[in-house]
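Colleague: Residue strings, one per chain:
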Amino acid sequence: MDAAQALADLTEISSQIEGAVLAEADGKVLASTFSQGVRGEDVARAAAELVRAAEGTRVQDAVGLAQIQAATPSGSVFVVRDDARFIAAITAPEPTVGLVFYDLKTCLRLAADGAAEHTADRARAKKAENGSSTARKSTKRDSDA
Amino acid sequence: MSSKTATVAFVTGATVATALWRRRRQRRRKHVDLYFADGSMISLADGTPEAGRLLTLARDVLTAARP
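Protein sequence lines, in the order shown, are assigned to chains W and F.
The opening residue of the first sequence carries number 1 in the numbering used here; numbering runs sequentially from there.
The opening residue of the second sequence carries number 1 in the numbering used here; numbering runs sequentially from there.
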């Protein structure tokens, strides 16, 4: 499943999530549910900044930060991340925290599986392409001889 | 104690209790929870410098998402 499909499924399943963006660790957007008026890049950049700041709160311990919930009276911001990417979502005030985290983790896992599949497909295609070009070269050499 | 005095004391007490409850509830609504890979969690309550910075950044995310 690709990133956009994973996000579409997420917002369909979870009624509490108003919008979400899936991005690489550096903030590059992979998919977003926000309309064009709201730029997914801005949300991803702000969320990446939040993650960086949150990482600095536990300097004495090397264990990685996995999830964030920042609750404000106007709504909550959730971030779930793995080694390569993160997903940031916003909800109305006082959401069901466990459910939102569960849905976000599922979405991130599906997106990661999709990315791994895509990489494997590309590697297979490249290998097949190299194989066919080698075969073409050897055929050409045979005909020249 | 007259019934009037008792009523005034009750109303005053209820008002103060409501105000304190609202204040506490408002404070609890603003917090940041950080979950780490080892399963540990830190909850930063509003009023601490770390929570203040993170809540500001969270508001930036909300503002970007809801222009």
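Be aware that one or more of the hints could be misleading.
Quick look at which bits of chain W chain F covers, simulated, 3 or more residues with Cβ under 8 angstroms [stated by the list, open to error]: (1) 2 to 8; (2) 11 to 18; (3) 26 to 36; (4) 102 to 112.
Here are some of the chain F residues that sit facing chain W, going by a computed Cβ distance under 7 angstroms [said to hold, decoys possible]: (5) Val8; (6) Val11; (7) Val16; (8) Leu20; (9) Arg22; (10) Arg29; (11) Lys30; (12) Leu34; (13) Asp38; (14) Asp46; (15) Gly47; (16) Leu54; (17) Thr56; (18) Ala65.
Cβ pair distances, simulated, as ranges [unchecked claim]: (19) W:Asp113 with F:Ala14: 23 to 31 angstroms; (20) F:Val11 with W:Ser35: 46 to 54 angstroms; (21) W:Asp82 with F:Ala19: 53 to 61 angstroms; (22) W:Val63 with F:Thr48: 56 to 64 angstroms; (23) W:Asp26 with F:Thr18: 44 to 52 angstroms; (24) F:Asp46 with W:Gly64: 22 to 30 angstroms.
Worth flagging that the hints you see were computed from the coordinates, not collected in a lab.
Even for Gly, the Cβ is constructed at its ideal location relative to N, Cα and C.
Colleague: Each hint should be assessed against the structure and marked as holding or not.
Modeller: Structure-based check of all given hints:
Here the stretch 2 to 8 of chain W counts 0 residues with a CB under 8 angstroms from a CB of chain F, which misses the bar of 3, and the coverage is violated. With 1 residues having a beta carbon nearer than 8 angstroms to a beta carbon of chain F, the stretch 11 to 18 of chain W misses the requirement of three or more and the stated coverage is violated. Given as covered by chain F, the stretch 26 to 36 of chain W fails the check, having 1 residues with a CB less than 8 angstroms from a CB of that chain where 3 are the minimum. Under the rule that three or more residues need a Cβ within less than 8 angstroms of chain F, the assignment of the stretch 102 to 112 of chain W is violated, with 0 such residues.
Taking 7 angstroms as the C-beta cut-off, the interface hint given for Val8 of chain F is violated, the closest approach to chain W being about 33 angstroms. For Val11 of chain F, the suggested interface contact is broken, since its CB lies about 28 angstroms from the closest CB of chain W, more than 7 angstroms. At about 22 angstroms, the closest approach between the beta carbon of Val16 of chain F and any beta carbon in chain W exceeds 7 angstroms, and the interface hint on this residue is violated. For Leu20 of chain F, the interface hint is violated, the least distance from its beta-carbon to any beta-carbon of chain W being 18 angstroms, above 7 angstroms.
Look at Arg22 of chain F: its Cβ only gets to about 12 angstroms from chain W, farther than 7 angstroms, so that hint breaks. A hinted interface residue such as Arg29 of chain F counts as satisfied when its beta carbon comes closer than 7 angstroms to some beta carbon of chain W; here the least separation is about 5 angstroms, so the hint holds. Of the supplied interface hints, the one on Lys30 of chain F holds, with its beta-carbon coming within about 6 angstroms of a beta-carbon of chain W, less than 7 angstroms. At its closest, the beta carbon of Leu34 of chain F sits 6 angstroms from a beta carbon of chain W; the interface hint therefore holds under the 7 angstroms criterion.
With 7 angstroms as the threshold, the beta carbon of Asp38 of chain F comes within range of chain W, its nearest partner Cβ sitting at about 5 angstroms, so the hint holds. Given the 7 angstroms rule on beta carbons, the hint for Asp46 of chain F is violated: about 9 angstroms separates it from the nearest Cβ of chain W. Proximity of Gly47 of chain F to chain W is violated relative to the hint, the smallest CB-CB distance being about 14 angstroms (cut-off 7 angstroms). Interface restraint check for Leu54 of chain F: the shortest CB-CB distance to chain W comes to about 6 angstroms, inside 7 angstroms, so the restraint holds.
The interface hint given for Thr56 of chain F is violated, since its Cβ lies 9 angstroms from the closest Cβ of chain W, which is over the 7 angstroms cut-off. Interface hint at Ala65 of chain F: satisfied, since its Cβ lies 5 angstroms from the closest Cβ of chain W, which is below the 7 angstroms cut-off. Remark: the range hint 23 to 31 angstroms for Asp113 of chain W to Ala14 of chain F is contradicted by a beta-carbon distance near 56 angstroms. In this structure the hint that Val11 of chain F and Ser35 of chain W lie 46 to 54 angstroms apart at CB holds, the actual value being about 50 angstroms.
Checked against the hint of 53 to 61 angstroms, the C-beta distance between Asp82 of chain W and Ala19 of chain F comes to roughly 44 angstroms, which is inconsistent with it. Taken as a hint, the range 56 to 64 angstroms is violated for the pair Val63 of chain W and Thr48 of chain F, whose Cβ atoms sit roughly 21 angstroms apart. Between Asp26 of chain W and Thr18 of chain F, the C-beta spacing of about 48 angstroms keeps the proposed range 44 to 52 angstroms intact. Roughly 25 angstroms separates the CB atoms of Asp46 of chain F and Gly64 of chain W, a value that falls within the hinted 22 to 30 angstroms.
Checked against the numbered hints above, the structure violates hints 1, 2, 3, 4, 5, 6, 7, 8, 9, 14, 15, 17, 19, 21 and 22; every other hint is satisfied.
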